[in-house]
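Q: Next come the chains, spelled out residue by residue.
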Amino acid sequence: MTTIDKARFYKPALLSFAAVWLLTVPATSAPVELKLQAQLVWGTNDKISAEAGYKEVDASLQARLRNVFKWQAYYEITRKPFSVASAKAQSVKLSEDCAIEVKQLAANRIEVKLIGKGRPIITRTLELRPATPLVIGGDDKNNTAWFVVLTQTEKV
Amino acid sequence: MKREHELKVQAWLDGELSGTEACEVEQLIANDAALSAIAGELRMAKGILAGNEPEVATLTDSREFYFSKIAREIERLDRQPATAARSFWSLWWVRVLVPAGAAAVMVALIALPDRPGTSADETENSVQESTIIQFHSTTEKMDVIWIHSDVDGTPDVTSPDLAPKADRNDNN
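Line by line, the protein sequences give chains A and B.
The numbering used here applies: residue 1 is where the first sequence begins, and numbers increase by one.
The numbering used here applies: residue 157 is where the second sequence begins, and numbers increase by one.
None of these hints come from the bench; they were simulated from the model.
Just to be clear, a hint being listed does not mean it is correct.
[To be verified] Some chain A residues well away from chain B (every beta-carbon gap over 12 angstroms; in silico):
1. Glu33
2. Lys35
3. Gln37
4. Asp58
5. Gln72
6. Lys88
7. Gly116
8. Thr132
[Claimed, not checked] Each computed BS3-like pair below joins lysine-lysine, with the alpha-carbon atoms no more than 30 angstroms apart:
9. A:Lys93 with B:Lys202
10. A:Lys47 with A:Lys103
11. A:Lys55 with B:Lys202
12. A:Lys103 with B:Lys297
13. B:Lys297 with A:Lys35
14. A:Lys113 with B:Lys158
15. A:Lys47 with B:Lys297
Glycine residues also receive a C-beta, built at the ideal position from the N, C-alpha and C atoms.
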């Protein structure tokens, strides 16, 4: 290969690598902090008196849950706003026995681990969108149900 | 009517008969209505064929020269794609952008964070697969994971806090 041939080969190759670097480096930069909110919700068909002190979830979430699940009333037990950044797992205790652990994997891709009585029950990796909450739920005693509602509160 | 007479009529129309034979056929046609009809049909067919004969292209060049021109044109067309390909790759920006684009795609696929819709959501269960239902409600725009609590060994997620306060009061 002559010097001219080498130059003709290496020049485009170097330019190619420069182009690749410029294209990929900004996109692979560190993800932005995610602002999230976790709610522990109790679903029931029973009439709960105002004196019981339970606060109903907001009307929008109430309607959405009602359209998906069989329970007619949804009460907020706990609401915990929190944020996650980089790959550090954030643990959020929602009740005596229930907690979640959230880890940010990418911009708005997270890993959610549901922990019950200190034991991991389910780990879910998903793309969280502001308007699309993740609802993890299960049966509870007396024909009621519990829900952990994870919502992104701010757009990335 | 004999087959021989029909053939003679055809030969007469084609002008292949001698004078005497032609006179005999003319007399036959005059005296025989069937032969006269055949003669009429054959005359008509001949006229149609003659009137619609495709024009044969006449070669202005010699046969050899004409075919050598075709051969040269075929060779020229065979060479053309190779020339076009060479001219495409000879463009400097093509030599830069094509490998850069390919490399960028490869790097993006490997290194870039997951984009919406590029990778499926995943779930790992610590409980039996059949006890968990996952779905996306498109109408209510929510991802749902439902865990049945009727499995032995499943830790209870709920806490006493979840029980209605009225119940707790009753228990106390």
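Q: Decide, hint by hint, whether the structure agrees.
A: Do the hints match the structure? See the list:
1. Against the 12 angstroms criterion, glutamate 33 of chain A stays outside the reach of chain B, whose nearest CB is about 15 angstroms from its own CB.
2. Every C-beta of chain B lies more than 12 angstroms from that of lysine 35 of chain A, the closest at about 18 angstroms, which supports listing it as non-interface.
3. Chain B leaves glutamine 37 of chain A outside its interface by the beta-carbon criterion, the shortest separation being 14 angstroms against a cut-off of 12 angstroms.
4. No beta-carbon of chain B is positioned within 12 angstroms of the beta-carbon of aspartate 58 of chain A; the least distance is around 14 angstroms.
5. The claim that glutamine 72 of chain A lies off the interface holds: its Cβ sits roughly 14 angstroms from the closest Cβ of chain B, which is beyond the 12 angstroms cut-off.
6. Separation of lysine 88 of chain A from chain B is adequate, the least Cβ-Cβ distance of about 16 angstroms exceeding the 12 angstroms criterion.
7. Not every C-beta of chain B lies more than 12 angstroms from that of glycine 116 of chain A, the closest at about 4 angstroms, which undercuts listing it as non-interface.
8. The beta carbon of threonine 132 of chain A sits about 5 angstroms from the closest Cβ of chain B, which is not more than 12 angstroms, so the claim that it is off the interface is violated.
9. For the given pair, lysine 93 of chain A sits about 105 angstroms from lysine 202 of chain B by alpha-carbon distance, which is inconsistent with the 30 angstroms threshold.
10. A hinted pair counts as satisfied when its Cα atoms are at most 30 angstroms apart, and lysine 47 of chain A with lysine 103 of chain A does not qualify at roughly 37 angstroms.
11. Note on lysine 55 of chain A and lysine 202 of chain B: the hinted pairing is violated, with a Cα-Cα distance of about 105 angstroms set against a maximum of 30 angstroms.
12. For the hint pairing lysine 103 of chain A with lysine 297 of chain B, the CA-to-CA distance comes to about 22 angstroms; that is within 30 angstroms, so the pair holds.
13. Taking the CA atoms of lysine 297 of chain B and lysine 35 of chain A, the gap is about 19 angstroms. The hint holds against a cut of 30 angstroms.
14. Of the supplied pair hints, the one linking lysine 113 of chain A and lysine 158 of chain B is violated, its CA atoms being roughly 106 angstroms apart against a limit of 30 angstroms.
15. Between lysine 47 of chain A and lysine 297 of chain B the CA atoms are separated by roughly 28 angstroms; this keeps the pair inside 30 angstroms, and the hint holds.
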